[in-house]
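Those protein sequence lines, which keep their order, are chains L and A.
Here the first sequence is numbered in my numbering, starting from 932 and rising by one per residue.
Here the second sequence is numbered in my numbering, starting from 382 and rising by one per residue.
Please keep in mind that the hints were generated in silico from the structure rather than gathered at the bench.
Only a predicted model underlies this, so the values are computations on that prediction, with no experimental measurement involved.
The C-beta atom is built at its ideal place from N, Cα and C for all residues, glycine as well.
Among the clues, some could well be false.
[Claimed, not checked] In silico lysine-lysine, BS3-like type, Cα no more than 27 angstroms apart, as pairs: (1) K417(A) / K430(A); (2) K508(A) / K933(L); (3) K508(A) / K496(A); (4) K510(A) / K933(L); (5) K510(A) / K496(A); (6) K933(L) / K430(A); (7) K430(A) / K508(A); (8) K417(A) / K510(A); (9) K417(A) / K496(A).
[As the list claims (entries may be wrong)] If you want a taste of the chain L side facing chain A, the calculated C-beta under 8 angstroms gives, among others: (10) S945; (11) G946; (12) L947; (13) L957; (14) K958.
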Amino acid sequence: MKNPLESVAGTIISGLILTVVLVFFLKNFLVAGV
Amino acid sequence: MEALMPGIARWLHVIFGITWIGLLYYFNLVQMAALKDAGADGTAAGITKHVAPRALFYFRWAAVGTWLAGAWLLGPGFMDAFMLRNGYEGIGIGAWLGTIMLFNVWVLIWPNQQKILGMVPAADDVKAKARRVAMLASRTNMMLSIPMLFFMANGLSHRAALGL
Numbered sequence: 932m933k934n935p936l937e938s939v940a941g942t943i944i945s946g947l948i949l950t951v952v953l954v955f956f957l958k959n960f961l962v963a964g965v
Numbered sequence: 382m383e384a385l386m387p388g389i390a391r392w393l394h395v396i397f398g399i400t401w402i403g404l405l406y407y408f409n410l411v412q413m414a415a416l417k418d419a420g421a422d423g424t425a426a427g428i429t430k431h432v433a434p435r436a437l438f439y440f441r442w443a444a445v446g447t448w449l450a451g452a453w454l455l456g457p458g459f460m461d462a463f464m465l466r467n468g469y470e471g472i473g474i475g476a477w478l479g480t481i482m483l484f485n486v487w488v489l490i491w492p493n494q495q496k497i498l499g500m501v502p503a504a505d506d507v508k509a510k511a512r513r514v515a516m517l518a519s520r521t522n523m524m525l526s527i528p529m530l531f532f533m534a535n536g537l538s539h540r541a542a543l544g545l
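Chain L on its own, in the form it takes in the complex (with noise of 0.2 angstroms):
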């Protein structure tokens, strides 16, 4: 699979899915306390 980080597309693709990620994690792991 390519990297990626090799194109600006791929870069802010992967940007906007950590984006979801992270409030997924953050919602879920740290505001619940678990």
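Let chain L serve as the given structure and place chain A on it in line with the hints.
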């Protein structure tokens, strides 16, 4: 005057942050592609000699200024942010991302750019490796800037949106 201090810290954080992330986006969206084309027609030296060193100067020092102003702004909440606790979980994720990005600037991007631009002597194979590491570190920072800015915008003053 004391009441104004957090406002001054936030103001400086934004000014330094715009300079840092603005130049990061310039490198990724403009300079990388421009250097590829300029290399093909023999005009790359104009960028590597006159533009890149100046851009890198403001880039790396704005990164330091952003982090320091951010730490000042967090004030007594600094430890809570980095420990991801007591309502500072959101801004803490932003602070961690910003800190990782600062590390990338000073440990991966700047030392490798010095080799690429000829500021420190390096053999061709070393330069080729430096180019690859600097490019990936810069792209990593662009990727990290997206969630970092989300958590900067929503992590503290608008944290209710995140359930904090």
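Structure-based check of each hint:
1. K417(A) / K430(A): holds, 15 angstroms
2. K508(A) / K933(L): It holds: about 23 angstroms lies between the C-alpha atoms, which stays within 27 angstroms.
3. K508(A) / K496(A): holds, 6 angstroms
4. K510(A) / K933(L): holds, 19 angstroms
5. K510(A) / K496(A): holds, 10 angstroms
6. K933(L) / K430(A): violated, 32 angstroms
7. K430(A) / K508(A): holds, 16 angstroms
8. K417(A) / K510(A): holds, 16 angstroms
9. K417(A) / K496(A): Satisfied, since the Cα-Cα distance of roughly 18 angstroms is no more than 27 angstroms.
10. S945: With Cβ-Cβ at 5 angstroms, under 8 angstroms, it holds.
11. G946: holds, 3 angstroms
12. L947: For L947(L), the interface hint holds, since the closest Cβ of chain A sits about 6 angstroms away, which is under 8 angstroms.
13. L957: holds, 6 angstroms
14. K958: holds, 6 angstroms
In terms of the numbered hints stated before, the structure departs from hint 6 and from no other.
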